[in-house]
Amino acid sequence: MTAELHANKGIDTAIAALAKVSAAYPDAVLVVLGEGEARESLMRQARAFGVEDRVFLPGFVPDARQYLPAADLFLMPSRKEGLPLALLEAGSAGLPAIASRTGGIPEIIEHEKNGLLIAPRDIAALSDSVIRLLQNPEEARAFGTTLRRTVHDTFSEQRMLAGTLASYA
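Residue numbers for the sequence shown follow this note's numbering, so the first one is 38 and each next one is one higher.
Treat the hints as calculated values from the structure; they're not laboratory data.
Mixed in with the good hints, there may be bad ones.
[Said to hold, decoys possible] Only pairs whose alpha carbons sit at most 27 Å apart, straight line, appear in this in silico DSS-like list of lysine-lysine:
id: 1; residue 1: Lys57; residue 2: Lys150
id: 2; residue 1: Lys150; residue 2: Lys117
id: 3; residue 1: Lys117; residue 2: Lys57
[Stated by the list, open to error] Distance ranges between label pairs, derived from CB positions:
id: 4; residue 1: Arg169; residue 2: Ala199; range: 32 to 38 Å
id: 5; residue 1: Arg84; residue 2: Thr201; range: 42 to 48 Å
id: 6; residue 1: Glu77; residue 2: Asp100; range: 22 to 28 Å
id: 7; residue 1: Gly200; residue 2: Val66; range: 33 to 39 Å
Ideal placement from N, C-alpha and C gives every residue a C-beta, glycine not left out.
Can you make the complete structure from the sequences, with help from the hints?
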C-alpha cells in the first residue's frame, strides 16, 4: 500500500486480514509506504494480531510508486476516498488491486474485470480476496494487465489534462 497512516485508509483492516492470510501464506507481508498519526496504534494492532514481524511501515518514501512493481498485490481498503492517485499509480504499474467500494474507487476498479472490490471494513472479504489472488496468479496477472489498460485509456495524464482544459474552454 501507499497511504497516509490514517484511520480512513483502512490499514487496520489490512493488518487484521494479514493475520488471516498468514494461516495459508505464512511468508505474506504488508508494506505501507507513508507516514501519519496512526503509526503507533497500527503497530500495537499488529502486535496484538501476532503479525508485527510481517507489517512494515517504512514511513514517507519519496517517489514511492517506483517501488510498486516489487509487490504482488496492491490493497486499498479505505473507509472513504476521492479519486485515489495511489490506485492509479498501482494500476499504471500493472498491479492487481483489491480495494473498497467507496468514493471514486469504483470509477477505477470494475469488480471482477480489472480488480476486486470489497466493502469497507470487511476483513473476511479482504483476506479471502488476497488468498484468492495469491492462489490464482494468472487471474491476478490478468487483473493487473486490465487495470493498467484502464488507467492508460481513461486516466492518463494527457487525457486528464485534455479533459480539464476542455472544461475551461
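Evaluation of the provided hints:
Between lysine 57 and lysine 150, the direct Cα distance comes to roughly 25 Å. Compliance with the 27 Å bound is thereby established for this hinted pair. The suggested pairing of lysine 150 with lysine 117 holds, with an alpha-carbon distance near 22 Å, which does not exceed 27 Å. Simply put, lysine 117 and lysine 57 have alpha-carbon atoms about 23 Å apart, close enough for the 27 Å limit, and the pair holds. For arginine 169 paired with alanine 199, a C-beta distance near 37 Å keeps the hint of 32 to 38 Å intact.
Separation of arginine 84 from threonine 201 is about 45 Å and conforms to the stated range, judged on CB atoms against 42 to 48 Å. For the pair glutamate 77 and aspartate 100, the supplied restraint of 22 to 28 Å holds, since their beta-carbon distance comes to about 26 Å. Separation of glycine 200 from valine 66 is about 38 Å and conforms to the stated range, judged on CB atoms against 33 to 39 Å.
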